[in-house]
Amino acid sequence: MTINPNAKMEETQSGTEVYSIDPLIVKSHYEIDYIHSYAQDSEFFRALGKKKIMGSKCKKCGYTYATPRSHCMMCGAETEWYQLPNTGKVHTFTTCYFGSEEFLKETPFNLIMVEFENVDSLFMARLIGADLDDLYVGMPVTAKFRRNQKFSPTDVYFVPVAQPEKKKRR
Amino acid sequence: MYYSELMKHTGRNVYMVSGGVTKFAKATPEMDFRLRVKKAFDYAMDDVHLTLNDIDGSVASYFADHFQRQLMSGIMVQDYLGLTPKPSKRVEGGGATGGLAFQTGYEEIASGRMDTCAVYGFETMSHVNTWKGNEFIALASDTNFDYPVGGFYTGYYAMMAVRHMHEFGTTVEQLAKVSVKNHKNAIHNPYAQSPMNLTVNDVRNSPMVAYPLTRLDVCTMSDGAAVSILASEEKAFEITDRPVLIKSIGTGTDTMRLSDRPMGKVPLLPNEKESDYSGLKYPGVHSFRAGRTAAKEAYDGAGITDPIEELDLIELHDAYTSSEIQTYEDLGLCKYGEGGKFIEEGKSELKGKIPVNPSGGLLASGHPVGATGIMQSVFMFWQLQRTVKKHFKDDYLQLNNPKRGLIHSHAGTGTYVTATIMEAVK
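Residue numbers (my numbering), protein chains in the order written: chain A, 132 to 301; chain B, -4 to 421.
If you are wondering where the hints come from, they were derived from the structure by calculation, not from laboratory data. Bear in mind the structure is a predicted one, so any value in this text is a computation, not a measurement. Virtual Cβ for every residue (Gly too), placed ideally from N, Cα, C. Among these hints, one or two may not hold up.
Stated by the list, open to error - Which residues of chain A face chain B? A partial, calculated answer using Cβ under 7 Å:
| id | residue |
| --- | --- |
| 1 | D172 |
| 2 | C203 |
| 3 | T225 |
| 4 | F229 |
| 5 | G230 |
| 6 | L242 |
| 7 | V250 |
| 8 | L253 |
| 9 | M270 |
| 10 | T285 |
Make the full structure from the sequences, and use the hints.
In structure tokens, the structure reads:
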């Protein structure tokens, strides 16, 4: 038995950051590491290391996806992996001057949706090597891959296709 | 077929009998979410002299647990209001949380389970900074393929706006006119967060967030709460002599990833024909198929065949100016592609053909996510009851004898959309 009416919580030197006294507003910290599984999408991320963009194709109805999914939204059947071309066109675009806290340091950045010939759906990506003023719907773009993979969808990014030298601008 | 035409609404008639809203603000640290809901709840209860015994159950409407780092906030509100041990549940669907929760309240009454139901919505967004808030909101995009690339909802909507501009010739000035209209309407709404008298130039000259959307094309984050009280027909007329009928509801969905949106055909409304849209790939990333689906179900339920003629006002989810323009088209107020012209011609102005967001909408009233859809129902309720003067202490925004309105709530890039038709009975 250790009944002790004189028990006392230990005092520490750490404190709480206070922003306001009335109302009382304090800092509350929260941080977590997730063990995130790419599960059935894993092959897409692995393939980027081999400079391949893998989409999927429905085994039953043949619908093709530029962003992979293992089951078809059109008919519910299973899909198979399907390699996309490394060039496509800008379907739409924007330049983000602000963003989430995680990406704020990367602003401004260009965001595009890529369309690939004969593929039914689109692919969201970053585009570098062009400013907002250079971007247009239909702009030909080509994929590039990070050498040091981060296993993120940004392991593939796009750049403008080199255009044959234009005649001297007037 | 975009929703099963076998879906029949055979339930009981449902009415809204009262509502309450807190003034939306960037931060109200002197109150937590429970006290905020309590204030809106008491306002609604006192307005029609109800006591806790009169409420059979409730629905809690809030979006992101991340914002408060408090799970089960719903039960904490239920508890604080004194509604335990009555039935309650939480409903969540991104930006459409409020619209979905309101429809869940409707279902509680229509099914005969409850005779009265309180739907309470709230969000506290001020506990994190704006850019962390944007990160939380962006976690409502596919975390394998979309969040790591864009991670920013304004960026996603900006790409949709650019495609709308490409497809239909919509201009940035037309987008700006939506901002001007909604901020101006809010000058007469005492509950609104950002009433402002702006010009198109002010909107275009404010800092660019994601091209073509500037700071004034985008709604703000807010702290706020809103409450609607719903009732069966018998109860409704006992409670008030001027309830508002919830005539019909509609709900649509679309793929989480923008990249998966199909390139198919437009689901037509009765006032449209296939030849209106030859060559248009739909919805692509320029339109909200869930919005069209929701509207179609709601119009069928209310017997509406020509929405612009048969509706008197609309409160719609204008988290971005571009989405208001896109939504005019989804709701069939004009054809796809004519949304830019629709605002340019002033048709959605307070004194226009069909006032859209007379309250100021999300752009000017604020967007405390879980409260927003409920707020729309309250403002619509006061309009249809013709009690705007009583609640706003200003009758500038009161429309002349409106009979029928539509409220529209919308989640991330159009994944969940609700449309609800409300009708004056007197």
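Comparing the hints with the structure gives:
1. D172: 5 Å, holds
2. C203: 11 Å, violated
3. T225: Since the shortest Cβ distance to chain B is 4 Å, the answer is holds.
4. F229: 5 Å, holds
5. G230: Holds: closest Cβ of chain B sits about 4 Å from G230 (chain A), inside 7 Å.
6. L242: 5 Å, holds
7. V250: The hint is violated - V250 (chain A) has no Cβ within 7 Å of chain B, the shortest such distance being about 10 Å.
8. L253: 4 Å, holds
9. M270: 12 Å, violated
10. T285: The hint holds - T285 (chain A) has a Cβ within 7 Å of chain B, the shortest such distance being about 6 Å.
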